[in-house]
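Q: Go by the hints and put chain W onto chain A.
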Amino acid sequence: MNTDSISNTEFAIPGFSPGLPVEIGRIEKDLGKLWEESGESKTRASLINLAIYTESAEAVAKNTDLIAQIASEHACRAILVYANHSAPTRGARAWINAHCHAAGKREICSEQITFQLDGDSPSALTNVVFAHLDSDLPLCFWWQGQFPRQSDSRLWSWIDRLIFDSNEWDDPAGQFALVRQIAGERTVLCDLNWTRLLSLRSGLAHFFDNACALPYLQRIDRVEIAHASGSRISALLLLGWLAGQLDWKLESVLGRHAFRAADGREIAFDLVETQGCCISSCRLSAGETSFHLERAQNGEFFHARMEGVSFEAAPQLLPAGRDRITDILLMELGRGGKHPIFLKALAAIEPLLAV
Amino acid sequence: MPTASAMPTNPLREGLLSRSAPEPCSLVIFGATGDLTHRKLVPALYNLAADGNLPPSISVVGFARREKSDEQFRTELETAARKFSRQKINDELWNSFASSIFYHQSEFTNLEGYETLAKRLDELDAQRGTRGNRLFYLSAGPDQFPIILENLRKSGLNKATPGSWARVIVEKPFGTDLPSAIELNDMVQEAFAEADTFRIDHYLGKETAQNIMVLRFANAIFEQLWNARYVDHVQITASEPLGVEGRAGYYDKSGAMRDMVQNHLLQLLTLTAMEPPTDLSADSIRDEKVKVLRSLRRISGEEVAQYTVRAQYAAGSVNGKDVVGYLQEEKMPAGSETETYVALEAHVDNWRWAGVPFFIRVGKRLPKGATEIALHFKSVPPVLFRQTGQAIDDNVLVIRIQPDEGVSLRMSAKLPGSSLRIEPVKMDFHYGTSFGKATPEAYERLLLDAMAGDATLFARRDEVEEAWKFVDAIREAWDSGEGGKLATYAAGTWGPNEADDLVKRSGAAWRRL
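Taken in sequence, the protein lines are chains A and W.
Converting from the first sequence to this note's numbering requires adding 990 to each position, the first position being numbered 1.
Converting from the second sequence to this note's numbering requires adding 32 to each position, the first position being numbered 1.
Think of the hints as simulated: they come from the structure by calculation, not from any bench.
All clues stand as given, with none of them false.
Under 7 angstroms between C-beta atoms, here's a sample of chain W residues computed to sit facing chain A:
{"hint": "1", "residue": "Pro56"}
{"hint": "2", "residue": "Gly84"}
{"hint": "3", "residue": "Pro88"}
{"hint": "4", "residue": "Arg160"}
Derived lysine to aspartate or glutamate pairs resembling EDC-like cross-links, with alpha carbons at most 20 angstroms apart:
{"hint": "5", "chain 1": "A", "residue 1": "Lys1023", "chain 2": "A", "residue 2": "Asp1124"}
{"hint": "6", "chain 1": "W", "residue 1": "Lys151", "chain 2": "A", "residue 2": "Glu1302"}
{"hint": "7", "chain 1": "W", "residue 1": "Lys120", "chain 2": "A", "residue 2": "Asp1317"}
{"hint": "8", "chain 1": "A", "residue 1": "Lys1328", "chain 2": "W", "residue 2": "Glu46"}
{"hint": "9", "chain 1": "W", "residue 1": "Lys323", "chain 2": "W", "residue 2": "Asp381"}
{"hint": "10", "chain 1": "W", "residue 1": "Lys458", "chain 2": "A", "residue 2": "Glu1097"}
{"hint": "11", "chain 1": "W", "residue 1": "Lys204", "chain 2": "W", "residue 2": "Glu497"}
{"hint": "12", "chain 1": "W", "residue 1": "Lys458", "chain 2": "A", "residue 2": "Glu1026"}
{"hint": "13", "chain 1": "A", "residue 1": "Lys1095", "chain 2": "W", "residue 2": "Asp460"}
Using N, Cα and C, we set each Cβ at its ideal position, and we do this for glycine too.
Bound-form chain A, shown alone:
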């Protein structure tokens, strides 16, 4: 594999370049030169290493835009890797660029290194990531698409936060099993699909911050979730979160699934595919009482309503969060910490993933 030649500077998509072409062996020097030439008006900043892996050439441009937006809130060293498995020969090319945004009189800049790895070589991926990390900073690695059955275990063991989006998977049951198998012990699993549910989970929790509403949690007997086509996993994770937090166990009888609470109560659930955003409605019912979050298409808020409760409660508007993947990733990077509730939610609905 030739990593020092700069003879071929073209990216896989003609006419598009992810930055300034550089020899892989000179990346750090050329980045240094970039900063020297930019004078004192630009400040390089970095709080994390953000690596993104994609097997789509088209995704490189989108990811470059995404990194620019992420960098304005989370200064980082970004390493974008495009694995071109279908290339006939092995090889590697690199480009560098910087994303700057104004902060007072100065510009704050984050670096991006883009690699195109031609041919099939898991060790090349490990090497380019290992060789270009900003030392001592956490490594957040976003693996876009399906996880491979075969991979270099040394790469996974270095990752602090492994980011993925389970909505992209064809085989969620298999992929969830695989990701838990490959992740290092200290690696935090960050499913963007879980992050996507944050506003919805906060909205549902908000109902029960009211002490008068809290007892109804122990009487819920039905959960109805309306989700967009392609967002079934999101709906399942939401259901899993409720089950995990309220200690419901999944039961399956003759192909019919329901949850059973510790007091013997059955909790039926209904996932309905509709038009609209990822999850447009979630209703928790306890007999005649219901707690309903609903979001209009492209709406910025959830309308939160309690019906049939024994106390007065004014309807509220709650933030629904944003659906853009950039916003979801920003939210994930801004949260930090481990996600034990996610693992609990996942465990609660695992048998449903394959249904």
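A: Then chain W, alone, in the frame of chain A:
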């Protein structure tokens, strides 16, 4: 009455919040047509709504003297929110939020107005599910506090029904000296228990002030050095280029010592000097802060002239503009001797800080606005680099509170080249550079904490009174003439020469900000 901690917890909140959730309540603002309500409180409440952080039910009731309808009040507040909110106003959300705002017209002195308020709050509880929880915000002038508190008590508004709570938020100043602070605290406690009293010092709501504890206790490298063995002295500075800005009436009675040192700067000092608390509960942290205040060596009598400097600004130039002196400010009493600048050397007489001076300086009409804490470390022994003939600058760790919040560390490094030349370099962490996200305003956090019953970032009675004991002794000497004369400094300079001499005695110099 069940306390917040005794309430059953919401299992759906696990992992979503690292603080207590605010409870449904009615927030009653006394002085609702004032500047604080418009500039800070309502924008803060709107931002909490926009972030989904308000409790599940809330009513905001403005209590003020002027006649106006709910609708007029909402319109006024909308104008203010559009001007001062850190987030853009969304019409749909504003309309939803505004439907929770109400206006109650009454004189503060009129008991009947409180009785009708009580009825109205009961109605709002029934209509909006606010559960009888009441949070009273005293945003009026401090001279109005006694009558408001008295009428709250007489009307029974201070008493919560079983299962509910009634709390009060008191804005500074918490008195003008120890006797008045005790009187105010007694008055507050006649109406509200200490656990239900939230004294706001908005400095404590600032992210960087909260970060002091994280910096100290979550980083092993700093805490080992955070003592008299390694620290030479500490400088705490709060400078501002502004003058009295039309507040002559208030400021002339107050002065820099009461306005800034007694509260904000002594709070920063306690956070810097305190021992690690046993846990992060409000009282554990405040216990440690009080210990620092109790350990502050009292400066009194003739010592005051030695350890403090007070000064007043004269005419000068700030940011290229000529400005008048303090005595020429509009509505200023002739011959006023109120200090606009204070510098003092404090000592925390405990094992950790024995012999370490804490230099505090605060002033108006200084060249620029900045609040920071700087720990100056002791010099290295002058042995190894003696032959180079160079002075080696001491290490300085700076915690910048505002603006440009962050932390920097000055250290020495070899200048590249064949000869050995040592120069100071700075490692600098800027919140704004590293975290692009806008941080919440201090009032957002503080309002939320008061609704949740978390008093960690509020001053406790004993903290306030201990701080007054320290300040009063100095003031008494100033007032009697024993504590030295009032100096002057030209506006736009870093204060009087006497302040430079104060630190020079300890072999130090004020930091160039």
